[in-house]
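Working from the sequences, and respecting the hints, build out all of it.
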Amino acid sequence: MSGDTGIISLLKSVPHNGMLKVQLKHTVGVDRAGWSRRESGGELMLTRLSDGNPVPDRPTIHIERYATQAELLLRLSELSGQPDLPLETGASPFLRRFWEYLELASTATNKILVLPPDPVEFFAMPTVAEELKVALASAHIDPDAATADLLNQFRLPPSLAAQSIGSLSGGERALVALAKAHALSEEYDGLVMASPTTWVYPERRDMITAVADRYVQLQKSVWILLLDGQWPEIDGCAAHTPHLISTSAIPWRLILSDLDVTYPGRAYPTAIPTKVIRYRSDTPSLDLDSPTLVLGDNGVGKSTLALVLAGVLAPAKGSVDILSSGASGKARILMQNAYHQLFGMTPHEHINYAFRYDTRGLGTTHETMQELENSLQRSLTGFVHEVSKRDSSGHLASLLHGKAALAAERLTERPSLLILDEPSWGLSHRLAHTFVAEVITAAHARGVPVAVISHEWQWAKTLLRSALHLTHGSEDYVVLNRCEVPE
Amino acid sequence: MRRIPWVLRLAILASLAAPLLDSTLVTRWVPDNPWLRVEAMFAYMVAIWIIIGLNTGLDKLFSFISVAAVMVIATVIVGAIVQDVLGLVIDLTGVAATDEHLVSIVYMLMVSLPYAFFFVSSFSVAGLLQRVHAGSGALPRLARWVPGRRLKMKLIRAPLRIAVCLRVFQHLAEIFPPLLTVWREEHPLAILPRNRSDWQVEGPISAVAKLGNWVWNALWTWAKCLLVFAFRIVPAVDDEVRRCYVKLREAPR
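Chains V and S are the protein sequences, given in the same order.
Throughout, the numbering used here is defined as the position within the first sequence, counted from one, plus 239.
Throughout, the numbering used here is defined as the position within the second sequence, counted from one, plus 9.
Among these hints, one or two may not hold up.
Stated by the list, open to error - Restricting the straight-line Cα-Cα distance to at most 27 Å, the calculated cross-link-like pairs of lysine-lysine (DSS-like) are:
hint : chain 1 : residue 1 : chain 2 : residue 2
1    : V       : LYS350    : S       : LYS163
2    : S       : LYS233    : S       : LYS219
3    : S       : LYS219    : V       : LYS569
I should point out that these hints are in silico values taken from the structure, not numbers from a laboratory.
Here you go:
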């Protein structure tokens, strides 16, 4: 048992109006008997292992696909052998439920290692070095040398060892999680990876298969749980065929002037050096067409650039500005873990929170939300769970609606750019495509350009009109270039 | 501080914290004058800050102090208002003593929070597990003298519980930056809501009342988030610590 999907399920029931939006929509109300698993392609192996012994007789790589994150998480919970707590909300005090969870967790005997959909939930120690050293814990090896070897094997720089887990980008965390899973391969009977491709740059996907192969070599089984449309190459399943949206492109301009962003280091308890990302471009400004794909290797600085554009991070040197015809001010972001951005238990509570002191904005945002909900309902006929799930007050509530509420709130302000950072997280490609298409339609109607940061852009190929590529250049510079949307 | 052997480190840190438990350890050396006692506490606070600052650097120290300052605003100002309101209703005797008590609470909060962050970051969970491995025979030997099987097991497992608690408290400090990023995205001015066009519709008094309500909600939101995020790491840490402990215990020393 590893990871904390169980505790996430538990936390989903914590009643509060806080900044953390805990995901009651992920698991509440799903009927276990009514799973709608779908086979995608004839070669797909589906193994229903509900007999209490999830380890099959011979080692295999099982690839399973699910239509929604809720189904995927239930399967993850089943494979990991984690305690299945009652999920009704507000029925019992949080601490008692938490204690029950710990009691059950301490008696769990399942030895399947779980890489949850969000890699940050896989870590227990403060730094990369400590995480890998504890994973490698052995009296026989030199942990420092073994940690350096492991980082090298996963094409990560040695300097990453000193970094804190919190300072890593989503992609770097995913790669360190793979390195840790590799280090633990001899200790567990099997490995489950949930949506591993969401965070990993396509050119690094061989590392996912390398870890899976390692377990198989050791006669252990591997489950790769994917949402529909993710990583179609692995089992030859057909990728989602998206429909075309009817909006025209919106031009916008990125003006960059020797932009440096600094993440300060620290001296204590372990020395972490200051990290500086230097953004440069061949021309002082880049003319782009919305919707714009932002792509680049793991850790190159895509999310950092987004935070600077939104004014969350201040540049240490230089500047970056956005020029778009219909909007002004800073950009707004939907982050990778968008559900952390919800200030309320439900999407509607979030909107009410954000516009508590702005009646006009509240009305406009509810209208935008209604517009998005209606178009999602129309486009996603058949997705009963994701489209129709409601909270206790009758409002629609799912991860999809949470993201829609965040988008609606941001569009009311008409920012200079709406940035969707990995919007496909937690969504199948059909859901992601539909969500992004509807958000783009709504944004363009308001004159707001949209940028999509993604490692899995196949689902969005038909939507995107230009691409901004971030690459490592000489002298540690990160070079920004406009390019065509890659195939 | 981390270069000092852990026993000595623990002793130094414990002695630094002693006045937090008993403030007379600071004030007993000064003449019986309220202002001098307050100044002695101020000197103690500055001394602790200097020790923390020398170890962690100024940036870290200031971030610790800013968290403490928020706590002070939330607790002491409310206390002071209550005291003043009570003073209007009943004749409080010994108001000076109450003021001194409030000031001492301010100092203690301004010391204890940075100190707590410094204390938990002064020990490494990975290092603790290694030390448990190095001395893994000692606890079972000690447990022989303890009556009852449950108590014996509790003693043997004590380092694991300490390691988990230590890591959870360390994690509490680590979750600030990502939460702050989310907060800043939603609240660009940090201490005011992003959308506030109704703020002054009903006049300045209403604006002040709304601000007070908003600040209180913001503090409450932060407190809940910190609690939830701190707990969130427990299963992963518990699992990792137990696995590492068992593995090290099985390995030859």
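Structure-based check of each hint:
Straight-line distance between C-alpha atoms of V/LYS350 and S/LYS163 comes to about 24 Å, which keeps the hinted pair within the 27 Å bound. For a cut-off of 27 Å, the pair hint linking S/LYS233 to S/LYS219 stands: about 21 Å separates their Cα positions. At most 27 Å may separate the alpha-carbon atoms for a hinted pair to count; S/LYS219 and V/LYS569 meet this at roughly 26 Å.
No hint from the list above goes unmet by this structure.
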